[in-house]
Amino acid sequence: MLPAVAQESKFRPTETYLARRRIIARLMSFLLFMAAAASVLVTTGIVYVLVSESWNFFRQVSLLEFLTDTQWTPVFAEPRFGILPLLTATLWAAGIALLIGIPLGTALAIYLSEYAPSKVREIVKPLLELIEAVPTVVFGYFALLFLTPLFRMFIPGLTGFNLLVPGIVLGIMILPYVVSVSEDAMRAVPSSLREGAYALGMTRIQTSVRVIIPAAFSGITAAYVLGMSRAVGETMVLAIAAGQNPNLTGDPREGAATITAYIVQMAMGDLPQGSLAYESIFAVGLALFVLTLFFNLVGFFLRRRFREVY
Amino acid sequence: MAAVDFEHRVAFNPMSEAEASRVIGVAKRRDFLFAILGVFVLVLSMGMLTALIVDLLVDGLARIDYDFLTSFPSRRPAQAGILSAWVGTSLVMLTTALIAIPLGIMAGIYLEEYAPRNWVTDIIEINVSNLAGVPSIIYGLLALGLFVYTLGLGRTVLTAGLVLALLILPVVIVATREAVRSIPLIIREGAYGMGADKWQVIWHYILPAARPGILTGAIVGLSRAIGETAPVLTIGALTFIAFLPPSPVQPEFPFLNFDWLTSPFTVMPIQMFNWISRPQEAFHINAAATGLVLIAMTLTMNAVAIWIRYRLRSQARS
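Top to bottom, those sequences are chains W and G.
Sequential numbering of the first sequence, starting at 1, is according to the numbering used here.
Sequential numbering of the second sequence, starting at 1, is according to the numbering used here.
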């Protein structure tokens with residue numbers, strides 16, 4: 001604390017006070033830097049664990065087999081380790097999620113950014129955040145025990161575990177995120193462009209489609225890419241509602257284990273550390289990490305670009 | 001090119017008044033239809049959320065009573081409860097908050113106030129933004145490989161608290177940065193003008209002013225951690241726990257006891273997952289009841305966060 005100044009006009013801080021202040025300042029700037037650097041340590045830890053365990057895995061299973069084999073049977077007497085069934089299931093679910101999330105999210109973002117009065121926007125945005133507040137395991141319950149029985153009444157051939165329903169639920173789950181990132185990008189478009197379009201007699205939808213979307217293109221793409229990354233990495237909804245059976249399928253009405261569902265299933269089974277099955281969850285985890293890292297970096301630079309333009 | 005076309009059209013094909021009003025009519029109708037579409041999407045997504053909540057209420061509300069909250073899990077669904085689950089959740093959250101909140105605030109302040117513009121800062125920034133997008137299950141693998149086996153922490157409250165803390169760290173960092181950035185320059189300049197040094201400005205002026213914003217971030221982060229299932233499942237948390245960890249407070253000196261940190265545990269989302277996975281209908285009802293308790297907690301926390309932010313904004317306006 002600084003000594004009170006008002007009472008003494010010739011006040012000079014004492015040497016010990018200044019020395020103490022210098023030490024505290026130096027100590028704090030060091031501690032704060034360490035805290036920020038710790039976040040880099042987390043990434044390093046993730047990469048170290050994934051790579052070192054996968055290394056052991058790939059000494060026994062060739063990378064070629066991992067990427068091309070169409071069977072994933074890690075606990076069979078003659079185990080086969082082809083990631084394709086897990087990967088296709090992951091991409092099916094994420095693809096369906098995007099099919100729902102992108103059109104709905106874009107429409108809602110345009111509505112919020114270009115149509116809605118600010119009062120509506122202020123109410124709607126927190127409401128959308130509430131969707132993000134729902135725990136994923138609860139969404140899993142909803143997908144398996146409410147939506148799936150409901151959809152089975154309309155869609156013939158839909159099995160109890162399937163990729164379609166969790167995909168749709170995932171689409172709703174990523175919706176708030178897609179909306180908030182793309183609306184951010186749209187609102188960052190300078191209003192001079194918007195006013196120019198209005199002055200030419202364009203309607204709001206024409207302005208949105210021909211002026212705002214092209215101008216905010218990189219930001220909107222970032223929203224899609226980051227939404228994709230979330231859908232690919234989502235675990236519980238798929239582990240609950242898509243089943244845990246690796247299944248290379250072209251039909252989303254069937255159930256199939258995704259990468260994330262496989263990891264959960266194996267980790268719950270109390271695997272002996274060092275076994276091939278134990279190492280396999282790190283190998284597929286590494287594949288998942290690389291996939292999402294790629295999406296995240298693309299998203300990061302796209303967002304940074306639209307921020308620089310305006 | 002477009003400009004030439006435009007001139008031609010204006011010069012040689014003036015629209016008749018009827019045609020012009022038709023074109024305008026079509027455009028206006030499309031505009032209106034799109035507004036309807038926007039509202040429709042909004043209603044659809046909110047409808048989904050409502051359906052989810054109503055479904056949980058219908059399935060599970062009747063199951064929630066005093067016994068449900070004070071009983072251990074059981075093989076008999078009608079006698080099972082979530083005592084060990086909510087106690088576990090509370091202890092894990094306590095650990096998470098104690099780690100993530102100070103660490104996140106410190107990192108956020110460093111990035112906002114101290115970080116020089118160089119490649120180290122660039123790496124930290126890209127890293128934080130990437131960490132926010134790493135799937136939660138990958139954090140689970142980190143915890144399994146590093147905390148459980150390499151560091152030998154085991155499948156304990158400490159491991160779970162630590163991994164969830166890392167998971168929500170980006171949320172706290174980002175919230176801190178935004179809160180710090182929004183503090184008016186005048187507060188800073190006033191403090192510097194009085195002879196305070198950088199740390200004094202931060203400690204006595206910036207942090208108190210940023211408190212509501214940081215609090216919002218911490219609440220949102222913790223509400224996410226409460227519902228997180230995948231990383232805690234991955235470290236192999238048990239699903240059937242019929243005892244409580246040692247109490248954190250005790251009557252004898254030194255009154256605090258840290259044995260609970262190394263105790264096995266379960267948490268509410270895992271208890272719920274376990275009950276969903278059973279074939280018997282009666283366990284699904286338990287799952288719905290647990291989900292109801294969970295969702296009540298996360299929605300309340302988020303509502304509080306939204307309210308704090310709303311008050312902040314209306315204060316800033318007045």
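Check before you lean on any hint, since a few could be wrong.
[Said to hold, decoys possible] Residues from chain W that face chain G, not an exhaustive set, calculated with beta carbons under 10 Å:
1. L64
2. F66
3. L67
4. L99
5. I131
6. Y141
7. L144
8. L288
[Said to hold, decoys possible] Over the 10 Å line for every Cβ pair with chain W, so calculated as not near, a few chain G residues:
9. D31
10. D59
11. D67
12. W86
13. V128
14. S136
15. G140
16. G154
17. P170
18. S182
19. R188
20. R224
21. A282
22. G291
23. I306
24. R311
Hint data in this document are derived by calculation from the structure and do not stem from the laboratory.
We put the CB at the ideal spot given by N, CA and C, even for glycine.
Status of the hints after comparison with the structure:
Below 10 Å, beta-carbon pairs count as interface contacts, and L64(W) has none with chain G, the closest being about 24 Å; its hint is therefore violated. Interface hint status for F66(W): violated, as the beta-carbon distance to the closest one in chain G is roughly 17 Å, over 10 Å. Below 10 Å, beta-carbon pairs count as interface contacts, and L67(W) has none with chain G, the closest being about 20 Å; its hint is therefore violated. With a least beta-carbon distance of about 14 Å to chain G, the hint placing L99(W) at the interface is violated under the 10 Å criterion.
At its closest, the beta carbon of I131(W) sits 6 Å from a beta carbon of chain G; the interface hint therefore holds under the 10 Å criterion. Given the 10 Å rule on beta carbons, the hint for Y141(W) holds: about 6 Å separates it from the nearest Cβ of chain G. Interface hint at L144(W): satisfied, since its Cβ lies 7 Å from the closest Cβ of chain G, which is below the 10 Å cut-off. Hint status for L288(W): holds, given a least beta-carbon distance of 6 Å to chain G, under 10 Å.
Distance check on D31(G): its Cβ comes as close as 4 Å (rounded) to a Cβ of chain W, failing to clear the 10 Å threshold; non-interface status is violated. Residue placement check: D59(G) does not keep its beta carbon more than 10 Å from all beta carbons of chain W (closest about 8 Å). Every CB of chain W is more than 10 Å from the CB of D67(G) (nearest about 22 Å), matching its label as outside the interface. Look at W86(G): its CB is around 14 Å from the nearest CB on chain W, clear of 10 Å, so calling it non-interface holds up.
Chain W draws V128(G) into its interface by the beta-carbon criterion, the shortest separation being 5 Å against a cut-off of 10 Å. Non-interface status of S136(G) relative to chain W is broken: a Cβ of that chain comes within 10 Å, the nearest being about 7 Å off. Distance check on G140(G): its Cβ comes as close as 7 Å (rounded) to a Cβ of chain W, failing to clear the 10 Å threshold; non-interface status is violated. Every CB of chain W is more than 10 Å from the CB of G154(G) (nearest about 12 Å), matching its label as outside the interface.
With 10 Å as the threshold on Cβ separation, the claim that P170(G) sits away from chain W is violated: the shortest Cβ distance comes to roughly 8 Å. Consistency note on S182(G): stated as away from chain W, and its beta-carbon is indeed over 10 Å from all of that chain's, at 16 Å minimum. Distance check on R188(G): its Cβ is at least 16 Å (rounded) from any Cβ of chain W, clearing the 10 Å threshold; non-interface status holds. Not every CB of chain W is more than 10 Å from the CB of R224(G) (nearest about 8 Å), against its label as outside the interface.
Against the 10 Å criterion, A282(G) stays outside the reach of chain W, whose nearest CB is about 13 Å from its own CB. A Cβ of chain W approaches the Cβ of G291(G) within 10 Å, the least distance being about 5 Å, so the stated non-interface status is violated. Not every CB of chain W is more than 10 Å from the CB of I306(G) (nearest about 4 Å), against its label as outside the interface. At roughly 13 Å, the least C-beta separation between R311(G) and chain W is larger than 10 Å, which holds for a residue marked as non-interface.
Figure legend: structure checked against the earlier numbered hints; hints not met, in rising order: 1, 2, 3, 4, 9, 10, 13, 14, 15, 17, 20, 22 and 23.
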